[in-house]
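Participant: Given next are the chains, with one letter for each unit.
2 protein chains.
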Amino acid sequence: MAKNFTSRDEDYSQWYNELVIKADLAEHSAVRGCMVIKPYGYAIWEKIQAQLDKMFKETGHVNAYFPLFVPKSLFEAEEKNAEGFAKECAVVTHYRLKTDPNDKTKLIVDPEAKLEEELIVRPTSEAIIWKTYKGWIQSYRDLPILCNQWANVVRWEMRTRLFLRTTEFLWQEGHTAHATKNEAITETKQMLDVYADFAENFMAMPVLKGVKTESERFAGAINTYCIEALMQDGKALQAGTSHFLGQNFAKAFDVKYATKEGKQEYVWATSWGVSTRLIGGLIMTHSDDDGLVLPPNLAPIQVVIVPIYKGEEQLAQISEQVTVIKAELEAKGISVKYDDRDTYKPGFKFAEYEFKGVPVRLAIGPRDMENGTIEVARRDTKEKEILQQKDIASKIEHLLENIQNNLLQKAIDFRESNTHKADTWDEFKKIIKNKAGFVIAHWDGTKETEERIKKETKATIRCIPLNNPLEEGKCIFSGNPSTQRVVFAKSY
Amino acid sequence: MAKNFTSRDEDYSQWYNELVIKADLAEHSAVRGCMVIKPYGYAIWEKIQAQLDKMFKETGHVNAYFPLFVPKSLFEAEEKNAEGFAKECAVVTHYRLKTDPNDKTKLIVDPEAKLEEELIVRPTSEAIIWKTYKGWIQSYRDLPILCNQWANVVRWEMRTRLFLRTTEFLWQEGHTAHATKNEAITETKQMLDVYADFAENFMAMPVLKGVKTESERFAGAINTYCIEALMQDGKALQAGTSHFLGQNFAKAFDVKYATKEGKQEYVWATSWGVSTRLIGGLIMTHSDDDGLVLPPNLAPIQVVIVPIYKGEEQLAQISEQVTVIKAELEAKGISVKYDDRDTYKPGFKFAEYEFKGVPVRLAIGPRDMENGTIEVARRDTKEKEILQQKDIASKIEHLLENIQNNLLQKAIDFRESNTHKADTWDEFKKIIKNKAGFVIAHWDGTKETEERIKKETKATIRCIPLNNPLEEGKCIFSGNPSTQRVVFAKSY
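Read top to bottom, the protein sequences are chains A and B. Every letter in the first sequence is one number past the one before it in the working numbering, and letter 329, counting from 1, is 329. Every letter in the second sequence is one number past the one before it in the working numbering, and letter 492, counting from 1, is 492.
For reference, chain A alone in the conformation it holds in the complex (with noise of 0.2 Å):
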């Protein structure tokens, strides 16, 4: 499978592009844009979906749906919201196609359909779901709301790149109406520590935690929380938000409540979301030049036994002592493909699943069958061994949490040595041009300044982290007094 894949080295982009598809993860679709995601890549999907889920739900949430159309009118009530998503967004203006009377075999828009009102196909939900708020909130005692949604949104994107920035793509969004400003920061918070524990403990992918600078706020939001990554070309991927919206939803749709004493109050409110874009930074944080590199407790499949055997005697022989293995493996919840097709040599399965990024791989030969023995495979490492089949299952329960930690400490190495301190802008520029990574550097809080820097290097502010140190010091473009240093990068 390995063969015409382009090396990390020679071309990270392509190398990216060519994994994905190689992979069977997705694939461009017939529509500008907008990707097919694939069963393997789906089923990597699935199992976010359902630790995220099963993490919001422990933290008190419930899921809802909201409609995929905002009309336009409710789309122009937050003015910055409008502002930001209005440039690219999918535009329904008519509601029935009719047959070509020049050509029976061609549809044609049907004129005499036009909506009176255009709808926007949605590219976050913020205005649809606080107009429906209002009808759900009189007093105190509805608050707080607590929902989330699983659905497709759509972006206009002129760049597109499968996971990473896609027309159409799938998340989450949560939306949160709090009768107090304090509680709808503590969620805003409590939700970034969700995606932030959640990205290192099942994508094994370290993050920074910290807020966005104005210019890279939501468009709508008071502030904006966000969890960045690093990947292995050294730019940054912004892998989750969580935004504290303040009051300005509440006044945009009218939201008020009755407090205890009988006072109108406008709510306040929380949105926060994560993407299909998480298996794109899960690719780039693991995967190397022999393909995919799957942190077990992602993988669709953790561990597949493939049988090395001559004739239908010996595979039956295999496949008996495997139904054995398979069940004790699957009794800890271990998930286990065992692949006996007969129309492949073990040698391609190797590589395909090694492609694949399957944790572990189990072998099974006549020789095993004499020594009670397998060959276990380690997809992270590339190490192989010799083991005995006896507690075979607890053996590799324990391997797959070796893998899940190493994963992530080999990450989180990976970023220590790729993030820097510059104190001056020659510095700066420097290590941006070369090693790239997260740059540490003082900024003197200026949109003006960040801009400027955006412009001559293309790296962005990406985060202030949370609980950053104060230090003096002079912002390394300016020269001005700044209290604190911020975290630097290129991005995705």
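Hints are computed from structural coordinates only; laboratory data are not their basis. Just so you know, not all the hints are guaranteed correct.
[Stated by the list, open to error] With a cut-off of at most 20 Å between alpha-carbon atoms, the simulated DMTMM-like pairs for lysine to aspartate or glutamate come out as follows:
1. B:57 / B:142
2. A:54 / B:46
3. A:106 / B:83
Given the coordinates of chain A, assemble chain B onto it according to the supplied hints.
Facilitator: Chain B only, in chain A's frame:
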């Protein structure tokens, strides 16, 4: 809660509409014909999804995701499908809004952002999926493809009703590709069986399995299999369909495979789907004049526990005991809610959970604390009894099974007593007009007769049952010879 609630006898349609709103299942949105599925309604959908998804995977299917949009030219490719769906679809014509130069607070469609080719919001995904499958299928080794997708679809319906018929709805659509006709037909029937199994054993909704007549067939199918349920007002509900598509889509999108012998053959196809409409069927099958009745297998809350107390001390004692009972129930996989809100009285809570169809309500007060008892009320029959707390979890587990079975049996009995044979046109008209229900009658097999009957009585042929016994007779309408009876009803 049941105050100001229309009874079924008064106005069945009104009863349904009020029930959906008052039980917090769904509501109309700001977008014409689109609904908001509220958390309680969505929780039912999640239970439906989880169970169906399990059944799909057990029968070898995998999930994937295909684009929301279908380019117009793909839509045109399968003629009948295009004809069937073109009349009711949302059409995206532009990809940008801009600020209205005459009013800076307003947005207008940017005329410069007109798409070269319009995009249709998928009403169903055969076209985009078969366009994709063309790239996936070269030889017999690539078959079968057994994909399902959970998605939203849009059909521009003129008359909408919550869950039953909405412009946007959620569904799953399976799309499979096979090497042979027989294999595809077997798949079509298998999925019909999965649907029937689910309807009967989870929804407690008995269904007739059958085949649609030509005029009721899915646009683009060779044969449409369906499950048909009978609602309490004597109208039928098509609850799920499974289509044998023959080679229609393979031919439209030129999808061929190389056989083992090296010949090129068109691929055989099926598609099958159920939607949020099932929730409408669930409601109308079981609910009564006191609100929703849910079968335990799909109830988001299976057991609610309400404390009866005076003062905090009593509440603390009761809560301690409830914690034990709740844990015992949960250990058996039963979902339990303990409602200790002090903002509402027990009577209010009783009414609320009754209206929301929670299958079992437990109440525990000071006297129960003394006697080691607990009050158990079942929603379906409204029976109450005082039980010893000892072994309460096993007792409740059996009660839930009992309720599930009772609901199914009740629905079967209802269907039996509302299924009638008609042998003459007068008899037929009378039954349809008075008792409604399923009417089993001879039909001459022609489209014309079917249409005339529909026009005169509003009854349609719901299906020709599978394994229908052959029986010589005369068409109730034309008097022409017929070989079998078919099932007529008015329908949703």
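Participant: Taken at face value, is the distance from the CA of residue 142 of chain B to the CA of residue 57 of chain B at most 20 Å?
Facilitator: This hinted pair holds, its Cα atoms lying about 19 Å apart.
Participant: Hint check: residue 106 of chain A vs residue 83 of chain B, CA-CA at most 20 Å. Holds or violated?
Facilitator: With a Cα-Cα distance of about 10 Å, the restraint between residue 106 of chain A and residue 83 of chain B holds, given a limit of 20 Å.
Participant: Checking one constraint from the list: CA of residue 54 of chain A to CA of residue 46 of chain B, max 20 Å. Satisfied?
Facilitator: With Cα atoms ~13 Å apart, residue 54 of chain A and residue 46 of chain B stay inside 20 Å; holds.
Taken one by one, the earlier hints all hold for this structure without exception.
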